[in-house]
Amino acid sequence: MQLVLDTEQRQLRSTVRELLADHGNVRSVVDGAERYDRALWKQLGELGLTGLVVPEDRGGAGAGHVERAVVLEELGRALSPVPFFPSAVLAVDALQALGDTEVLPALAAGEKIGALAVSGDDGSWGTVPVTATERDGGWALDGHAPFVLSGDIADVVVVHTAQGWFVTEDAERTPLSTLDPTRGQAKLTFTGSRARKLDTADPPGVLGAVRDRAAVALAAEQVGGIAKVLEITVEYAKVRVQFGRAIGSYQAVKHACADLYSTSERAESLLRHAAWVADHEPAELPLAAATTQVFTGPAYFEAARSGLQLHGGIGYTWEHDAHLYYKRAKSSELLFGGQDEQLARLAGLLAEDS
Amino acid sequence: MSGEFRDAVRSWLADNVPGDEELETAKRFQAALCDAGLAGLTWPEEYGGRGLSADEQQIFDQEAARYDLPTSVFRIGMGMCGPTILDLGTHEQKSRHIPPLLRGEEIWCQLFSEPGAGSDVASLQTRAVRDGDEWVINGQKVWTTVAHLADFGALLARTDPDVPKHQGLTMFLIDMHDPAVTVRPLKDMTGRAPFNEVYFENLRLPADAVLGQVGQGWLAAVTMLGHERVSIGGFVRKRRDPLAHANLAETARRYGRDRDPVVRAELAKLYAAERALALFNTRLRQEAEAGSPPGARGSVAKLAGALLGQQAVGVASTIGGPRVAAWDPDDPAGAELALAINQIPSSSIAGGTDQIQRNIIGDRILGLPREPVVDRDVPFRDLRVGTQRTA
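Line by line, the protein sequences give chains A and B.
For the record, in the first sequence the residue sitting at position 117 is 117 according to this note's numbering, with numbers rising by one throughout.
For the record, in the second sequence the residue sitting at position 217 is 1217 according to this note's numbering, with numbers rising by one throughout.
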């Protein structure tokens, strides 16, 4: 196993970091002017990053999960308001697992935005309450998907119903109010929506495969977020002076920073392993992915909470970015149905293992 | 080549690892290990080592991790004193001490901590006074692991109280069998006595007992503590450790608690934390192989390991409930778990407390400003040291 990035992977990291530093603008979205950063999304597509793990013959770059994790870490650090995770991870992975060749190239190229409808009313991953009916040689969908990440801006939606997987461009989008202002969610309503069926022998198996890869991808965002929180907090502790000393010289602050560092290093280690496993030992991926989410989900929220606290009053302002990490961390922790479900899933895998 | 080496290590260990950890067994095992060319892998051949690379050491460690080797009594010699003598010793010191250390013929202890000098080792009070060509040592050490079995010790003592505390120290190599050295076992909170108090009453040392330079004892101590961090950070939890996830999961099954959702959730969290630390250690090793040594990042492994132990105590309590507090005297599992729980506080204290590890991470890795120092430029004799109560 290889847990240290090689030269090319580090090069990819600095390229993406520079791109996001020059062109990312989280505030245009946070302050409500835009729903996502269109210019940045376009650039990510042009650089081939939206199709990183898609094979070259399907319009992708043919790279691995280790590389995609590097990109996601940077997007997570910068809180870049682009639909990379919903489209270039969730929708792309689902279409790839389903063997689709019609829509995948456009998503891989970043020309269209995809979304994945798999969260039920309780947030758990499974099927959405949608019925599919055969009509005029095609299919029609009726029902709703309550929580769809980037559902407000998606061109294409991949829907998991009790009758299997469907892809549609026809849905009524009702944007939800979200805790995290950098990533939209919508309720999608389907009323006789024309859809195409994506046949597969094992619909729940596809869901499992998508979830494992999504868990690694989300962990990458989380690890990037933790690293950035650590960085801005340590920087602030060095320059903020109270009682005649930089606050970072007080052990109460220094020790909290040390704990942040320890969290950051261990979360990164789990991520590097899970991403490597996704590329090289796919049979081990379910356990590695579940283990990683059990750790990084709560770790990111705790890191963001602690980082905000260490900033004191300035950390509680709208102007400062600390709250954006806090909100992203909490929302991310709840993406696959919350910690109880993560723990039960890992416990189940461990019981199988023994 | 490395495949052959791995096969050789594997088959030798399979044939030679003994079933107990008695002292005589340990010594026989270490001598056999040495005869097989598997001791001191990275140490120079001139002094009985093999002169191999870190790759071979890693292969050996991986293979050895399948066993509980009986070598813990040699850990301070192999992990700390030996490497420091190799770093700073004279040719005579290396020739005299390294070969018998490697063969397990001579056991070493480290004499740093004192009743008044724990985290602040540099404030130690044991005095070394020059008398002609000799040094005369008086004072007391404490928490000295394996001193009761040791043949030699690395002693840090104060040779000059008129300069600031870090500048007046010197390291000596001493014979623990000298009648001027008294070793008294000190019981720890488990009721066992793995460490000792050591008293020096007019212990006379020749000039060539100095390791490194007179007045440069702090440098020697830092060198040795650097080896200690690597040795503790890389320390693999014992396979039989009742607080390891796999063993707690087994305990849960034995007690019929493995279907309880709270037990399952806590075990899952523990597993994730254990994996996070294990993978962090692997990453440190891979980075070291790629040319960037772990340095102060070893403190993260040490700190995280201590916190993992505390977490495991909580999981054990959830699983065992009242059986953790009271058990059938004939049930060895109950006693083993209780011992493990009682040992956990030591991992947050020994080898640098959790608080000191956080200072190291904050100061050396994150570059946070240090606390204002009140004792750096003050002559030692004017300092307040140790535990002082006002009347």
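One thing to keep in mind: the hints can contain errors.
[Said to hold, decoys possible] Covered by chain A, according to a simulated footprint, are these stretches of chain B (three or more residues, beta-carbon under 8 Å):
id : region
1  : 1095-1105
2  : 1264-1272
3  : 1275-1289
4  : 1295-1304
[Claimed, not checked] Example chain B residues on the side facing chain A (calculated, C-beta under 10 Å, incomplete):
id : residue
5  : 1258
6  : 1261
7  : 1307
[Unchecked claim] Away from chain B, derived, C-beta distances all over 10 Å, residues of chain A:
id : residue
8  : 27
9  : 97
10 : 248
11 : 249
12 : 265
No lab work stands behind these hints: they were computed from the structure.
C-beta atoms are modelled at their ideal positions from N, C-alpha and C, and glycine is treated no differently.
Quick rundown of the hints versus the structure:
| no. | hint | verdict |
| --- | --- | --- |
| 1 | 1095-1105 | violated (count 0) |
| 2 | 1264-1272 | holds (count 7) |
| 3 | 1275-1289 | holds (count 9) |
| 4 | 1295-1304 | holds (count 4) |
| 5 | 1258 | holds, 7 Å |
| 6 | 1261 | holds, 7 Å |
| 7 | 1307 | holds, 8 Å |
| 8 | 27 | holds, 28 Å |
| 9 | 97 | holds, 26 Å |
| 10 | 248 | violated, 4 Å |
| 11 | 249 | violated, 4 Å |
| 12 | 265 | violated, 6 Å |
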